[in-house]
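Engineer: Chains as they are written, first to last, in the working numbering: chain X, 1 to 79; chain H, 80 to 189; chain D, 190 to 275.
Because the hints were derived from the structure by calculation, they are not lab data.
Since the structure is predicted, the reported quantities are computational estimates derived from the model, not experimental observations.
Just so it is clear, CB atoms sit at the ideal spot from N, CA and C, and this is done for glycine as well.
Take the hints with a grain of salt, since some may be wrong.
[As the list claims (entries may be wrong)] Reference listing, derived: stretches of chain D covered by chain H, where coverage requires no fewer than 3 residues with Cβ under 8 Å from a Cβ of chain H:
(1) 204–211
(2) 217–228
(3) 234–245
(4) 249–258
Below, each chain spelled out in residue letters.
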Amino acid sequence: MILVVSLLVLVMLLAAIAAFFFKDLMSAVIAACMVSLIASILFYFLQAPDVAMAEASIGAALVTAVFIVAIRRTERYEK
Amino acid sequence: MDIIGTVVTGIGVAFLFLGNLGVLRLPDVYNRIQAGTKCTTLGAFLTIIGVGIMEPIWFWKALLIALFVLVTNPISSHAIARASRKSGVSLCKQSVVDKSEDFDDFGENA
Amino acid sequence: MSETTVLVFLAVICTGIFICFLRMLKGPTASDRAVAVDTMTTTVVALLVFLGFVFQRYVYLDVALVYSLLAFLGLVAIARFLEGGI
């Protein structure tokens, strides 16, 4: 079980680092979506289903939509 | 009942793994959508139904989750396929035919 | 369901999640990454239901219910952005 959790933590950290390094901000938003997806599973492993539910609804749907509206107002590619 | 549920869950997990492997291995966005959505929908459906078989009290809630997966997954895959076709992602080299070139406006003005 | 079977299933599903992450890292265009997240979402819903079975908690299925209903909204927003909508 500990190996499974370690693999998920590794994926989450690497996705966060990838979101930092992407030049295309759309890809960075997708990587941030993946980070919140795996954070939700980790809360689930820590026996906190209510936090996992809030993380799922806010992180996957709301934050992504807000970021996309922000990118639409500004520009997509980082210089 | 436990053995049946384990077998159904095992088939579902195998389909999930094959779908994920197809997302990594296939050469094209559209092929990846094909693998990653159809295969994974069947895998998630079988896994959730298998859990519902193993715990008979949970069956109706598991069936509800499986129906939600079955409804919402084609919506997102269709949206992504349409978006990648409209944003000009090209097909892979082995592709034979592209019928969507005939419908450049995708039926919006037709 | 024995302990070993549970561990094997969890390991296979998490390896699938890692494979999806590799595609998200590699993918040439933004559409590839969106496809990877879409596949990962469905895998995660199955994983949540299976973990609810492993922990033997009925309440944990609610998380999977909310997730299967809400996760596609973000993907539809991403797709609408990519095709030039919103």
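Engineer: All the hints need checking, so say for each whether the structure fits it.
Structural biologist: Here's how the hints hold up against the structure:
Under a criterion of three residues with beta carbons nearer than 8 Å to beta carbons of chain H, the stated coverage of the stretch 204–211 of chain D is upheld, 6 such residues being counted. Under the rule that three or more residues need a Cβ within less than 8 Å of chain H, the assignment of the stretch 217–228 of chain D holds, with 8 such residues. Only when three residues or more bring their CB closer than 8 Å to a CB of chain H does the claim for the stretch 234–245 of chain D stand; here the count is 6, and the claim holds. Proximity of the stretch 249–258 of chain D to chain H, defined as three or more residues with a beta carbon under 8 Å from a beta carbon of that chain, is established by the 5 residues found.
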